[in-house]
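*Asks:* Chain by chain, the residues:
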Amino acid sequence: MDSGNLEPSLYTIKAIAILDNDGNRLLAKYYDDTFPTAKEQKQFEKNLFSKTQRANAEIIMFEGLTCVYKSNVDLFFYVVGSSLENELILASVLNALYETTNQILRRNVEKRVLLENMDTVFLAVDEICDGGIILDSDASSIVSKVAVRSDDIPLGEQTVAQQLTKKLEVLQSAKEQIKWSLLK
Amino acid sequence: MHILRRDKKEEEEGGGNPFHNLEKTTVLQEARTFNETPINPRKCAHTLTKVLYLINQGEQIGTTEATEAFFAMTKLFQSKDATLRRLVYLGIKEMSKIAQDVIIVTSSLMKDMTGKEDQFRGPAIRALCSITDNTMLQSIERYMKQAIVDKNHAVSSAALVSSLHLSKGSHEVTKRWVNEAQEAVSNDNVMVQYHALGLLYHIRKHDKLAVTKLVAKFSKQSLKSPYAYCLLIRIASKLIEEEGAGSDSPMFEFIEGCLRHKSEIVIYEAAQAMVNMKETTAKELAPAVSVLQLFCSSPKPTLRFAAVRTLNKVAMKHPAAVTACNLDLENLITDQNRSIATLAITTLLKTGSESSVDRLMKQISSFMTEISDEFKIVVVQAIQSLCLKFPRKHSVMMNFLSQMLRDEGGFEYKKAIVDSVITIIEENPEAKEAGLAHLCEFIEDCEHAVLATRILHLLGREGPRTPTPSKYIRFIYNRVILENAAVRAAAVTALAKFGAHCEELLNSCIVLLLRCLLDTDDEVRDRATFYVDTLKEKQKALNSAYILNGLQVSVIGLERALHQYTLEPSEKPFDMKTVPLASQPITEQRVQAVREPGETTAPKATDKVAASRQDVYAEQLARIPEFANLGALFKSSTPVELTESETEYVVRCVKHTFPHYIVFQFDCTNTLNDQVLENASVHLEPSDGFEVIKYLPCPKLSYDTPGTTYTLVRMPDEATQVTGTFSCTLKFVVKDCDPNTGEPDEEGYEDEYVLEDVEASVADHVQKVMKPNFGASWEEVGPEFEVEDTYSLSTMKTLEEAVTNIIQCMGMQPCERSDKVPEGKNAHTLYLAGVYRGGHDALVRSKLAMSEAGITMQLTIRSTDQSVSEVLASAIS
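Chains A and B, in that order, give the protein sequences.
Take the first sequence: its position 143, counting from 1, is numbered 143 in the numbering used here, and each next residue is one higher.
Take the second sequence: its position 79, counting from 1, is numbered 79 in the numbering used here, and each next residue is one higher.
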């Protein structure tokens with residue numbers, strides 16, 4: 001069973017997953033029927049997480065599959081393939097996944113920011129792998145495909161809040177000036 | 001301020017997850033806002049993300065719900081917002097499997113696919129293909145062809161990948177896109193190149209010549225994409241495997257050349273491909289091994305892991321080829337990644353010399369506690385194979401294994417250790433005492449009843465024959481006091497075996513067993529009562545038959561016989577001798593399974609043979625009315641070929657021995673596609689005393705469909721006359737037929753075909769039986785019908801050869817592992833046990849001595865019948 005070669009095919013990836021630091025699924029895509037039901041998938045993620053959360057080892061043989069992984073702060077990134085798959089190919093996909101996320105989240109690779117940008121991350125994973133076939137593994141090219149216009153992404157609460165505080169500061173200083181001028 | 005605080009609280013509960021506690025119904029409710037005009041892109045994107053998130057979490061969405069949401073989603077095509085549009089594509093893909101009428105969006109997607117916005121085109125193609133079925137494929141074919149050769153590589157890639165997905169359903173249509181795929185391979189984008197090559201191979205993969213050309217073409221024209229290279233290497237190595245091509249083929253040269261590629265991915269793929277090839281010599285592998293060696297010192301764990309894992313594979317076939325890497329592997333023993341460390345050690349254990357064993361073992365024990373059970377089992381297996389390789393090192397290994405037994409671990413892990421210890425004990429008599437001692441210690445504190453009973457059984461078998469059997473009694477009796485019923489019962493049996501085998505311990509054992517008479521469990525009490533009474537008789541024959549050597553019958557056969565007996569009650573008591581014997585003792589298989597070196601837990605040869613071959617035959621024969629009153633099937637021989645393998649008709653013969661008859665079963669195959677044979681039977685020309693009673697012809701033998709014909713032969717009444725040679729002829733009526741339709745002509749003619757002779761030998765009348773305690777059985781049968789003779793075996797060169805031949809001649813089971821001749825000895829004693837047709841126990845002791853003139857053998861046969869002994873003696877001639 002171990003000696004055989006893989007049938008030449010483009011179908012390389014069995015699953016991609018991003019878990020949080022409790023092993024909960026934030027994003028998971030399964031590309032074949034190794035784990036047909038949601039229950040089996042979650043069990044697999046749980047087992048995989050408990051094996052990998054402590055040891056920072058990057059690669060593990062698990063339940064007859066090769067899993068490469070990487071973690072940062074409170075996020076765990078996994079790419080899973082057949083045990084006969086070239087480990088380096090899987091690693092290159094993991095790298096693409098991580099780098100892309102890193103760029104989308106503007107170097108804040110943590111759960112909160114990831115959730116804020118969930119839509120873009122969904123799109124990114126879709127650009128990395130389509131039905132098990134590697135679509136692209138170059139982070140900057142993936143980012144250029146998903147991130148529509150750089151200033152268009154998160155014009156979220158943060159920026160609004162920043163602008164507000166800025167205005168408040170201006171107001172404050174104006175008040176102060178008036179106060180001083182009155183006191184004079 | 002108040003609101004803020006509440007928000008914060010909620011945030012903590014959800015771990016800052018805005019998608020926490022999403023309700024499916026609420027989200028789907030929200031999805032209705034998609035219908036509002038004008039569309040608020042940001043709000044809709046957020047809602048859509050929630051839907052996607054829910055699906056991603058594995059939430060089940062019903063068909064109606066999904067369809068409703070899907071239709072609401074189609075409204076979003078009105079918005080020009082890029083992110084929203086892309087999310088819609090994702091939504092279409094996710095829902096294409098659950099919602100109905102998804103083809104409604106086809107035209108919108110086609111518009112995007114051919115539109116001006118490059119950003120939409122690729123994803124639109126992929127979404128379109130996910131909703132397209134075979135019937136609609138025609139209508140988009142033209143666009144797909146254009147997209148494959150589009151100058152935008154994202155579009156081209158998307159089209160190629162989608163074609164591959166589509167070809168699962170309809171190979172025919174995608175086949176027509178081969179020219180476009182061909183053109184795309186020369187695209188300068190790496191991914192397009194990779195995808196195009198994949199599609200091209202997929203279209204052509206059944207055409208071997210085309211694939212060969214493909215590899216030849218692209219191995220010269222250098223590809224840019226490392227992935228494409230990997231794919232090409234896999235295709236090439238598959239071709240090599242199919243053709244059995246050697247290292248001189250251009251394919252092999254190409255793969256070897258890839259070892260010098262600049263990308264590590266390609267180098268490793270090439271090395272791996274070379275290692276996985278079936279027929280490579282150590283020399284051919286050398287370049288692959290040396291690149292793997294380089295990888296061993298890479299800073300990337302994945303690369304080190306890949307290298308060690310592949311080296312481990314090499315070590316199984318060519319341990320010598322890996323020795324060059326020993327130094328690098330030793331550095332990896334302390335690797336942070338324990339998987340790498342373990343693989344490095346097991347590889348070293350395979351390649352290492354005897355002298356390095358001690359050091360390695362020390363290294364392993366230093367981190368044994370840190371690795372997972374799965375890897376521990378790998379280590380245990382490596383140690384076991386090592387122990388069989390260097391028997392002299394058994395003390396170090398035994399100590400190590402016992403140490404591991406004491407440590408924490410799950411059942412699988414402990415079982416692997418116990419298995420290994422038992423195998424080592426069986427293979428190496430010197431290790432026996434130490435091994436038993438460790439196992440004794442282990443059962444003192446063992447939570448797995450299965451393992452405890454197994455060890456107790458082993459102690460009962462091996463313990464009495466060690467120099468000081470008394471020391472095991474304490475361990476066994478402790479189990480009687482402390483354990484659950486199953487273990488207590490096993491312990492009682494073990495105790496009885498000591499009593500039966502060692503006279504000096506008999507009285508003490510009876511005392512101990514008497515104490516078990518008051519046990520709370522039925523089984524334990526019954527066993528104890530039975531053993532005490534048997535032991536008190538003090539008869540060797542009884543001890544041997546009921547304690548030391550258990551029942552030899554096949555359990556399935558016994559069940560069937562008892563069932564039959566209860567259906568037809570008769571005056572006669574149930575006769576144990578009518579029950580078929582258990583064929584093929586299990587021990588042989590197990591030893592073989594263990595010897596195969598497996599990286600991971602090799603699937604053990606199933607210890608329980610569900611229904612043995614013989615039981616299957618018995619069932620088949622019982623269904624034929626003509627054979628119903630022959631009695632119980634005694635033995636079925638292994639199939640013998642009566643024809644050369646590539647002749648017109650292939651015939652195999654299986655002999656079934658019954659109390660007074662032999663049934664010859666002929667399995668015939670007709671290998672001519674322009675003939676149909678009818679009424680085929682095999683005619684036998686019997687030798688003296690045998691009489692053909694009946695032929696059961698096979699009504700029809702069509703091309704390549706096996707059929708069976710039987711011939712029933714009665715054996716001579718004279719008990720000593722049991723062997724004979726039968727010349728066989730296959731007789732049949734031939735009808736020519738059309739090879740294509742298989743329709744035969746009306747007219748046929750008779751013909752015959754001469755087969756090779758069949759022989760009925762002594763071995764056909766003897767069933768193998770394993771006697772765990774041969775000495776006891778030998779005494780049990782007694783010297784009443786003993787036959788002894790001396791032979792000189794001039795044609796045999798070695799003791800091994802003699803032993804193998806004797807076993808084959810007699811058809812009996814070697815006992816006490818006497819089929820293995822220790823190295824460098826001039827004399828050997830072989831013990832064989834079996835049951836002769838009619839239920840007579842038969843035992844053979846064959847003393848062999850080797851001198852310069854050849855091998856001399858003294859053969860002693862004991863059985864419960866004079867004629868049986870004589871027949872067996874006649875087997876050797």
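Bear in mind the hints are in silico, worked out from the structure with no lab data behind them.
Do not take every clue at face value.
What the hints assert, rightly or not - Not close to chain B: a few residues of chain A, all C-beta gaps over 10 Å, as computed:
| hint | residue |
| --- | --- |
| 1 | Leu6 |
| 2 | Leu27 |
| 3 | Asn86 |
| 4 | Thr120 |
| 5 | Val143 |
Stated by the list, open to error - Calculated lysine-lysine pairs in the BS3-like style (CA-CA distance at most 27 Å, straight line):
| hint | chain 1 | residue 1 | chain 2 | residue 2 |
| --- | --- | --- | --- | --- |
| 6 | B | Lys350 | B | Lys217 |
| 7 | B | Lys262 | A | Lys46 |
| 8 | A | Lys39 | B | Lys393 |
| 9 | B | Lys415 | A | Lys51 |
| 10 | B | Lys317 | B | Lys389 |
| 11 | A | Lys42 | B | Lys24 |
| 12 | B | Lys300 | A | Lys46 |
| 13 | B | Lys313 | A | Lys51 |
| 14 | A | Lys70 | B | Lys262 |
| 15 | B | Lys168 | A | Lys29 |
| 16 | B | Lys175 | B | Lys213 |
| 17 | B | Lys80 | B | Lys111 |
| 18 | B | Lys278 | B | Lys389 |
| 19 | B | Lys175 | B | Lys208 |
| 20 | B | Lys300 | A | Lys70 |
| 21 | A | Lys42 | B | Lys97 |
| 22 | B | Lys278 | B | Lys220 |
| 23 | B | Lys43 | A | Lys29 |
| 24 | B | Lys116 | B | Lys145 |
| 25 | A | Lys70 | A | Lys51 |
| 26 | B | Lys362 | B | Lys415 |
| 27 | B | Lys97 | A | Lys29 |
| 28 | A | Lys39 | B | Lys24 |
| 29 | B | Lys313 | B | Lys217 |
| 30 | B | Lys362 | A | Lys51 |
| 31 | B | Lys825 | A | Lys51 |
| 32 | A | Lys29 | B | Lys220 |
| 33 | B | Lys217 | B | Lys151 |
Quantities reported herein were computed from a predicted structural model and do not represent experimental measurements.
Don't be surprised by glycine CBs; every beta carbon is placed ideally from N, CA and C.
*Asks:* Each hint should be assessed against the structure and marked as holding or not.
*Replies:* Each hint tested on the structure:
no.: 1; hint: Leu6; result: violated, 6 Å
no.: 2; hint: Leu27; result: violated, 6 Å
no.: 3; hint: Asn86; result: violated, 5 Å
no.: 4; hint: Thr120; result: violated, 7 Å
no.: 5; hint: Val143; result: holds, 13 Å
no.: 6; hint: B:Lys350 / B:Lys217; result: violated, 41 Å
no.: 7; hint: B:Lys262 / A:Lys46; result: violated, 38 Å
no.: 8; hint: A:Lys39 / B:Lys393; result: violated, 48 Å
no.: 9; hint: B:Lys415 / A:Lys51; result: holds, 22 Å
no.: 10; hint: B:Lys317 / B:Lys389; result: holds, 15 Å
no.: 11; hint: A:Lys42 / B:Lys24; result: holds, 19 Å
no.: 12; hint: B:Lys300 / A:Lys46; result: holds, 26 Å
no.: 13; hint: B:Lys313 / A:Lys51; result: holds, 25 Å
no.: 14; hint: A:Lys70 / B:Lys262; result: holds, 25 Å
no.: 15; hint: B:Lys168 / A:Lys29; result: holds, 20 Å
no.: 16; hint: B:Lys175 / B:Lys213; result: holds, 17 Å
no.: 17; hint: B:Lys80 / B:Lys111; result: holds, 13 Å
no.: 18; hint: B:Lys278 / B:Lys389; result: holds, 24 Å
no.: 19; hint: B:Lys175 / B:Lys208; result: holds, 16 Å
no.: 20; hint: B:Lys300 / A:Lys70; result: holds, 12 Å
no.: 21; hint: A:Lys42 / B:Lys97; result: holds, 21 Å
no.: 22; hint: B:Lys278 / B:Lys220; result: holds, 25 Å
no.: 23; hint: B:Lys43 / A:Lys29; result: holds, 25 Å
no.: 24; hint: B:Lys116 / B:Lys145; result: holds, 18 Å
no.: 25; hint: A:Lys70 / A:Lys51; result: holds, 13 Å
no.: 26; hint: B:Lys362 / B:Lys415; result: holds, 23 Å
no.: 27; hint: B:Lys97 / A:Lys29; result: holds, 15 Å
no.: 28; hint: A:Lys39 / B:Lys24; result: holds, 18 Å
no.: 29; hint: B:Lys313 / B:Lys217; result: violated, 31 Å
no.: 30; hint: B:Lys362 / A:Lys51; result: holds, 26 Å
no.: 31; hint: B:Lys825 / A:Lys51; result: violated, 52 Å
no.: 32; hint: A:Lys29 / B:Lys220; result: violated, 37 Å
no.: 33; hint: B:Lys217 / B:Lys151; result: holds, 23 Å
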